Every structure is written in structure tokens, then in C-alpha cells.
Amino acid sequence: MSLLTLENVTLKFGGLTAVNKLSMDVKEGEVFALVGPNGAGKSTVFNLISRFYTPFEGKITFDGQDLLKLPPDEVPSLGIARTFQNIELFDQATVLDNLLVGRHRLRKTNLVEQMLHLPSVRREEREHRAAVEEVIDFLDLQPYRNKRIAGLPYGVRKVVEVGRALASKPRLLLLDEPASGLSVEETQNMRWWIDDIRRHMGITVLMVEHDMGLVSKVCDRVLALADGAKLAEGTPEEVQNHPAVISAYLGTGDAA
Amino acid sequence: MRIHFKTSYDHDIRLFQDGWQAFLYTALLALMVALPFLIDDFFLGEATNVLIWATCGLGLMLLTGQTGQASLGHSAFMALGCYTCVLLMEAGVPFILAFPLGGVITGVIGALIAIPALKLHGVYLAIATLALAILTDDLIVMLEPWTGGVGGKNAPPIIVFGLEINRWSSPVAWYYMALVVVLIVTLFYRNLLRAPMGRAFAAVRDSEISAQAMGVNISRTKTLAFGLSAGITGLGGALMGLFSEIFNNETFTFIISIQLLMMIVVGGLGFIHGAFLGAIVIAFLPQFLSIVSDSMGSNVAIPGLETAVFGVIMILFILFEPMGLYGRWLKIRTFLELFPFARKDMFRRQKSYLKTERLR
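For the record, the sequence lines run as chains B and G.
Take the first sequence: its position 144, counting from 1, is numbered 132 in our numbering, and each next residue is one higher.
Take the second sequence: its position 107, counting from 1, is numbered 106 in our numbering, and each next residue is one higher.
None of these hints come from the bench; they were simulated from the model.
What you are looking at is a predicted structure, and each value in this text was computed from that prediction instead of being measured.
Think of the CB as a built atom: it goes at the ideal place given N, C-alpha and C, for glycine as much as any other residue.
Be a bit skeptical, because a hint or two may be false.
[As the list claims (entries may be wrong)] Below, in silico cross-link-like pairs of lysine to aspartate or glutamate (EDC-like), each with a Cα-Cα straight-line distance of 20 Å or less: (1) B:Lys135 with G:Glu336; (2) B:Lys47 with B:Asp13; (3) G:Lys5 with B:Glu115; (4) B:Lys57 with B:Glu112; (5) B:Lys57 with B:Glu45; (6) B:Lys218 with B:Asp13; (7) B:Lys135 with G:Asp205; (8) B:Lys135 with G:Asp9; (9) B:Lys15 with B:Glu(-5); (10) B:Lys157 with B:Asp184; (11) B:Lys0 with B:Glu45; (12) B:Lys218 with B:Asp208; (13) B:Lys135 with G:Asp17; (14) G:Lys5 with B:Asp199; (15) B:Lys0 with B:Glu18; (16) B:Lys157 with B:Glu121; (17) B:Lys135 with B:Glu121; (18) G:Lys5 with B:Glu121; (19) B:Lys157 with B:Glu122; (20) G:Lys343 with G:Glu320; (21) B:Lys15 with B:Asp54; (22) B:Lys96 with G:Asp9; (23) G:Lys5 with B:Glu16; (24) B:Lys0 with B:Asp215; (25) B:Lys157 with B:Glu45; (26) G:Lys5 with B:Glu112; (27) G:Lys5 with B:Asp128; (28) B:Lys205 with B:Glu16.
[To be verified] Only part of the chain G face toward chain B is listed, based on derived beta-carbon distances under 8 Å: (29) Ala127; (30) Ala130; (31) Asn190; (32) Pro195; (33) Met213; (34) Val215.
Please model the entire structure based on the sequences and the hints provided.
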């Protein structure tokens, strides 16, 4: 059953067509990767799904609901969480607080109750913290729990961002280049985590990634993009060996 | 160095980290309560002034320190809070109702003003709010039938549960009233910080784009922060007007907004302690300057001296201690706790090149 569907989605910036009549569907429970050269429109697709951009035409549906009817801040309430290619954490807050912001969509108390710190608020906070603590255990973030983001190394920030997305208990997790800038070992960890996120948490993953090693190990299906249009779709091997993909990455023999 | 062994989630939620911290703050509170018996009426008046400034500062801190929106217009909300409270009192509403009501009305009006104003970012927002402050100054003059215009207004007597609180005849009661107000505001502030809304404020401050991706409604959060901030500052403004007994448009000129902003920067942006430390500096600096100039034998007031000194302090803090007095204290405390293992570079601010252009 498909969870996220894009139908004929087109987005133009001025004269540039960033996404060109793209159709794809992500099935529930799979790990789906978007690959393609720089500027192919992969991150733009993510920004379309999180509603930062509105497409010129086409439809985006999540679990049967029309995503295009929602403002960006209501997308997470459906159970879509994301990370950013260039890490967008709350720099002056601690790791714990960053993860707790991930729980924002699950809050039940209002401002007045929170100001008075009623028992309901205390109860809710305990729930949030229990959930966040599970994420911290899962991603081995204990050493950094009370550290401010501003002083943390790049690799840890990358993991915290995944954690923040996980804390919101999503159904669909969008990972924008989860392994970029990570060491071999950290990439290895990321691979196990993505596997576990799918297997044990039952979360569908859609990711953009350049590291084909990682993609071929964790992904069920891959879609290759170039200049905003679909080049090929299928299993990692199929896409890697597809002639159109090879020519997009390496150029055709004629030009040389 | 104290190490906290956390055994339940409540460790992270409750107000004080451990018994020692709870003891320190209780001792501080006891000192505050005992203060009228330790100092004379003149200094008690100054202490009351500090508490009033701290209340206003907490209001601005919520907006600037917590939510990251600069405002140079908070004198407008001080004026609004003050005139609302006094007009309500003159209409026969008892002080105990008129005072919080003044805060609430200021908060609502502040939130309404915020809806268009918060579409602006950074320096543009500062200019827009500065315009608001100057406009309020003029409005007070123009609405003379209600506000008394340039001639000003006399504060009506404050009566709480049959007890009259007057600055001259009962300075101790005045002090306690200001203390209660500032304690309540601080408690509300602290409660917000440990709840989802406070974290949403910080999220908006640090990265609007990812706050949005986490389901935080940016404009609603900013409006709430602005409204709350205006409300708290309104309470402080009401206290300030009532404390000065006679007030007019000059009491709430836009210079006050700038002093308020300076105060929280000097105290330490983003810390509750910062509002209090900054208030102490702001309230005592004029006294300190006059004592110094007296001792130097000049009995003529130098015009503009106070503003100049404020300016120099501000520049020095921004250059050498952007985290303010409280930030400096944190460094000293860490140094002492780790002695002799503290390193000089522990607090060096790292440049990070991870930020990209925002999707704005």
C-alpha cells in the first residue's frame, strides 16, 4: 500500500524547472532513496513534501490525504518528520531540548496550564521525556544529553537531527543526506539505525543520499533524478546499471 | 564540581537541580524578605525600583532572549499597562483586579500589534517597534482627556485588602508588593521554559525553518511570545508609574525602551538572572554616578553623562562579554568548580560554518 504519492508534480523557479512532472510512490514500510547528481532536484522534492514549496501542478497525497491543503507547520501532525541537508538544529538549546521540540506536535496542554505548571503538564512532560529517553538510548546519545548543540561535532549533530525527527513518532521519515560528512564508521552506524528504524519501529523512510554503498545496502527501491525528471526507478542494482543513470553521472561517450 | 545523578524524569523537570541549589534560592528569598529590616527607606526604595525594572526586563527577555525578536518599543507597553491600570482604578476597579487586568489588556493589544509587526525580521522589527514607542509618546499627549497629556497624571492611592500602600508612608509594603509581582512573573516564566511552549520559543529563535518542520506554528508562537512579553512589561510599567506617583509621556519615552534592551543585554540575554542583574545595574548606575561626581567636588549635573556611561557599558559588554553579567558569572563559577583544571579556551566561542541560507 502506498503511503506517499506524488503525481505529475512540477515546480519552476522563474525559468528553471526544478521538478519536472515527477511521479513516485513510497510504499508503507519500505526504505526508498532518491539519487541523482547535484542540482537534480532531490532536496526540492523534500521541500515540496514538507510544504515549504507549493508545486505549479500535480498532486501530493499522504495516506490518502491531500498534502497540498496543509500549511507547512501542520505536515508533521500527519506523521511526517524530516532532517535537513545542512543541519538545522536549535543551536543554543541542549540535545535533550532539541529532541523535546520534536515532541511538539504531540503536546496536549495549553499555554495557561503550562504557565501554572498544573499536574497535567507534569504528567505530559514525563511522557515526553520517557519517549525522548528511548530515542537517546536508541541513537547512543547519552554522553551528549545535556550538552548544547553549539559545541557538538558535526557527526553528532547529524545523529541528533535524526533523533529529533524520531522523537515526533513519525510514520514517514525524510532523511536528507543522512551520511554526508560522516566518517566510514558513522556511516556504518547510520546504516544499522536506518535498518532498525524500518524493522523495529515500523517507520517508512524516504532518503536522499549520494553514498551508493549505503543506498544499495539499506534501500528497497531507488529513484534516480536528473534535472528534475525521473531517469529510472527500481532496485538499487537496476538503477545503478541503468544506461540513462550512467550517462547522467558520467556523460555519454559521444561528448568525449 | 557537583554531579547530578538523575534517577527520574522529574529531575529534569523540577525547578531546582538539587537540594543545594534549592537551599541557595531559598536563602536568597529569605534575604529579599528580610531586606526591609536591613536597609533604610532610601535604599529600600531603590530596591523596589530594581524589582520594577526586573519585571519589565523579564517581559522583554521573554521576547528577545527567549524568542529572539528584538524590540525597541517596550516603553509603549509599559505606558499602556500603566495608563490602563490607572484608568481602571479611577473607574472604581479595585487595584488587586485593575493591576492584572491592565497586564492582560496590554498583552492582548501587544499580540494584536504583533500580528503585522512580526512579519518583519531583525533590524526591521526593531525599527518598527521603535516607531511604535515614539508614536505612543505622541498618543499620550494627544489623548489628553484620558491621559492628562504633558501635565501628567497622579497615581491614585493603592488599596489592597483595606491596606493603603503608599511609597512614603509604607515603603515596606510597596517593596513587598513589587517582590510578590516579580516572584509570580518569574515563576510563570520558569514554568514556561520547562514546558513545550518555552521550547517552541527557543526553536523559533534558533531556526524558524526547522521549528516549522517540527510542527511549530511560527506566526502563532511569535504572536504569543509578543503578547506575553507585552503583558509582563505592562505590569512592570504599571508598577513604575504608580511608584513614581506622577507620570506623563516623559515617564515612558522611547529612551526607556533602549535602556530596557540594554539592561537585558548587560545582564545576560536568555537568562532569567540576566533580567535581575541588568536591573541592578540600571537602577543603581544613576546613584553611583551622582555619588562619584559628588565626591569629585562637582555639584553641577553633567547633562548626558548617564546616557554616555550607559552607552560605553553597552559597547564594552558587546565587545568583551556578549553573554552579559550572568554569562561572566557562569564562567567564574565553572573556573572555581573545576579549579585548577579550568582551561582558558573552554568558553571560546566556536565559529561554525554549518548554517546555510534560510528559506525566507
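(request) Hint by hint, work out which the structure violates, then give me just those numbers in ascending order. (result) 4, 14, 15, 23, 25, 29 and 30
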